[in-house]
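Just need the whole structure built from these sequences, with the hints factored in.
Number of protein chains: 2
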Amino acid sequence: MLMRGVVRGSIWSGCIGGLAMAACLFGALPALALDGIVEKKVFEMPSYTTTGGGTIKNVRIGWESYGKLNDAKDNAILITHFFSGNSHAAGKYKADDAAPGYWDSIIGPGKPLDTDKYFIISSDTLVNLSPKDPNVVTTGPASINPDTGKPYGMSFPIVTIQDFVNVQKALVDSLGIKTLQAVMGGSMGSLQAFEWGADHPEMVKRVIAAIGGPEADPFLIGWLNLWAAPIKLDPNWNNGDYYGKAEPKAGLAEALKLVTLHARHWKWADAAFGRKWAEDGKDPKAAMGNQYAIEAWLDKAAAGRAAVSDANHFLYLVKANQTFVTGNGASLEDGLAKIKAPVLLIPSADDLVFPPDRNMRPLKERLEKQGNVVEYTESITSTLGHLDGVVNIGKAGDTIAQFLAK
Amino acid sequence: MLMRGVVRGSIWSGCIGGLAMAACLFGALPALALDGIVEKKVFEMPSYTTTGGGTIKNVRIGWESYGKLNDAKDNAILITHFFSGNSHAAGKYKADDAAPGYWDSIIGPGKPLDTDKYFIISSDTLVNLSPKDPNVVTTGPASINPDTGKPYGMSFPIVTIQDFVNVQKALVDSLGIKTLQAVMGGSMGSLQAFEWGADHPEMVKRVIAAIGGPEADPFLIGWLNLWAAPIKLDPNWNNGDYYGKAEPKAGLAEALKLVTLHARHWKWADAAFGRKWAEDGKDPKAAMGNQYAIEAWLDKAAAGRAAVSDANHFLYLVKANQTFVTGNGASLEDGLAKIKAPVLLIPSADDLVFPPDRNMRPLKERLEKQGNVVEYTESITSTLGHLDGVVNIGKAGDTIAQFLAK
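Sequence order for the protein chains is A and B.
If you use the numbering used here, the first sequence closes out at 517, no skipped numbers anywhere.
If you use the numbering used here, the second sequence closes out at 517, no skipped numbers anywhere.
You may find that some hints are simply not true.
Identical chains share a label here; the pair holds if one copy fits it or two copies do between them.
[Stated by the list, open to error] The calculated lysine-lysine pairs, modelled on DSS-like cross-linking and capped at a C-alpha distance of 25 Å, are: (1) 396 with 449; (2) 168 with 480; (3) 378 with 480; (4) 228 with 184; (5) 360 with 343; (6) 517 with 449; (7) 168 with 378; (8) 343 with 411; (9) 517 with 360; (10) 243 with 411; (11) 280 with 506; (12) 411 with 506; (13) 387 with 360; (14) 396 with 343; (15) 393 with 430; (16) 393 with 343; (17) 506 with 203.
Worth flagging that the hints you see were computed from the coordinates, not collected in a lab.
All values derive from a computational prediction rather than experimental measurement.
Right under this line is the structure:
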């Protein structure tokens with residue numbers, strides 16, 4: 112089903128291989144019709160040169176769109192995704208999907224990102240965490256290196272958040288779009304939004320950043336190291352050479368448990384589990400293997416995510432996040448100075464990954480000091496910590512709508 | 112050098128095998144003389160039955176004391192240690208030791224825990240993390256099971272915080288002490304202090320608890336699971352059967368990195384490292400193995416700690432902490448109701464392990480509501496997060512002194 116474009120930056124608006132055939136049934140519908148049915152499309156580049164000078168051939172990135180691009184091609188908004196996310200930001204592929212895209216609460220007809228008005232683009236990143244997810248299209252260590260016919264593994268070039276943005280820029284260019292009404296992202300998506308603002312100030316009218324920061328702060332650099340550690344401990348990781356062999360599922364699952372817990376909060380743990388045991392009659396005091404409910408839940412949640420994820424992609428994402436400073440240079444001040452657009456900051460007060468005291472609160476002051484228009488709201492704060500920026504983004508809906516209307 | 116007592120609860124005030132011979136030179140000095148020289152002593156129990164019904168023979172626990180027990184034997188204060196700590200709370204073993212015990216800033220002549228007035232006892236716990244530390248004496252999975260002549264490994268009985276307290280109680284009883292002016296501990300030490308208050312209300316005149324809580328909250332239960340995970344991923348762990356073979360050093364080191372980082376704060380990371388590279392000329396963007404300074408520091412700090420620690424002891428400590436509820440029953444309310452003593456709570460406002468919003472702030476209200484006298488201070492808060500409770504305890508010195516004087 113899937114044809115490859117051969118021109119740099121070509122687009123093929125197709126379905127995802129044989130993995131999600133059902134989605135193809137809706138291929139003829141306009142994206143995000145009234146029933147919210149969306150399709151995955153694929154953007155291809157025959158070759159991409161990374162900011163570090165590496166070459167990646169046959170770059171393929173999945174993307175979705177909601178709403179219609181107007182004739183002036185000036186009503187587009189780009190959505191950039193978080194560490195463990197993908198381009199499925201809104202709508203459903205099939206009417207009976209269990210859930211819509213992650214920000215469906217703010218994307219759609221009459222919603223803050225109003226698809227009656229805006230053309231919303233959402234794209235997968237390079238080295239997306241979940242290359243085995245049938246709804247993800249990405250290029251990374253698990254991809255076949257055309258020069259060898261084998262997966263890249265750890266020979267894949269190091270990529271940065273700026274590389275993610277560069278590939279998105281090529282996608283947006285290929286659509287003839289010269290103006291973005293906004294670039295909006297949460298967590299790692301916010302890093303991309305800041306980078307877009309710094310790299311393309313003439314193009315980006317607004318930056319909307321949720322639960323993130325303008326750089327990886329040193330404490331986060333340390334945490335990212337720890338997120339990655341279980342993968343490297345798993346003997347199946349084998350320095351990244353595991354394709355076609357037993358994969359490091361156990362290490363990847365423990366890494367994903369760390370991400371999952373770090374992105375939440377004690378308020379969530381109290382409400383969801385308390386000190387409940389995993390199984391009636393199996394007192395955690397009675398045997399080392401007897402667990403509390405939260406432990407069993409973490410194991411199960413992580414195993415599910417590990418099944419569609421790739422361990423090397425995880426390590427490359429860690430590196431991309433650790434090395435992030437807005438502007439991709441040495442100086443955060445210089446990078447931020449390149450951002451000319453108004454900026455809307457949406458932190459969760461309880462965020463343990465990007466604590467607002469370290470990130471968005473001082474960022475607000477820095478941006479105002481350099482002359483940017485800055486809006487700021489912590490209205491998404493609920494009980495989920497960092498994850499409030501995904502699940503509870505709707506609480507900032509009015510603020511987002513007003514910011515877009517200005 | 113080391114003789115074994117054969118009577119239950121006997122004491123032998125000796126030196127630590129052949130591992131710290133120098134300390135024996137000072138064996139004749141009174142504990143914590145004016146020059147702050149202390150000696151490690153060993154408390155032994157021929158047999159101890161755990162709260163879960165397990166039997167541990169030949170229990171040996173290290174302890175230290177500072178100051179002199181008065182004739183009435185009513186001037187004692189017990190110090191209980193944190194997860195990765197031990198009984199070395201004050202003074203030095205040798206005049207040229209690099210550093211004194213961890214709470215030396217508040218223990219000594221004229222200090223808040225005034226050794227001119229009080230007899231301060233500090234004891235190692237069961238399953239202490241660091242059985243290879245020459246200054247630790249403990250009994251746990253790495254100890255020889257007298258029935259088999261081999262290390263217990265994972266056949267060691269599960270132990271609880273209440274078991275730690277029961278062994279300390281036997282030590283205190285053996286000294287003829289019937290009254291403790293206070294039990295004071297930080298982090299896991301605070302759990303023991305609460306347990307002492309609940310189990311022995313007739314004996315404990317005051318509870319002083321720093322950077323802790325009255326139970327392991329569900330979020331902490333999850334984190335403790337994650338702390339333990341790297342050990343189990345290390346193939347050398349081998350279900351705990353590694354004594355005399357290659358030990359799971361890599362997994363233990365990653366576990367200790369998690370403890371180390373979780374116990375600190377972004378303020379510390381900013382001040383100590385910023386985004387500095389580990390090595391000049393080795394840009395972390397240039398190679399997957401090139402690190403930031405904080406990563407290299409974590410690796411080095413953890414490797415040092417792993418060298419004296421035991422992986423199975425780590426797992427048993429995790430279990431003891433996860434299962435903790437004051438009173439060792441199902442109900443926190445019932446456990447707290449047993450505490451009759453005045454309580455001094457000393458959290459760090461930035462504590463990520465025992466966040467005060469979840470732990471000591473609501474605990475203050477609960478204790479006051481049930482009629483306890485409660486003092487509360489966050490004066491230790493600096494830049495270290497949880498670790499402020501160890502490093503900066505001196506900032507609460509006046510409050511501690513006043514609380515003891517009441």
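Worksheet entry | Hints violated by the structure (listed by number, smallest first) | 2, 7, 9, 11, 12 and 13
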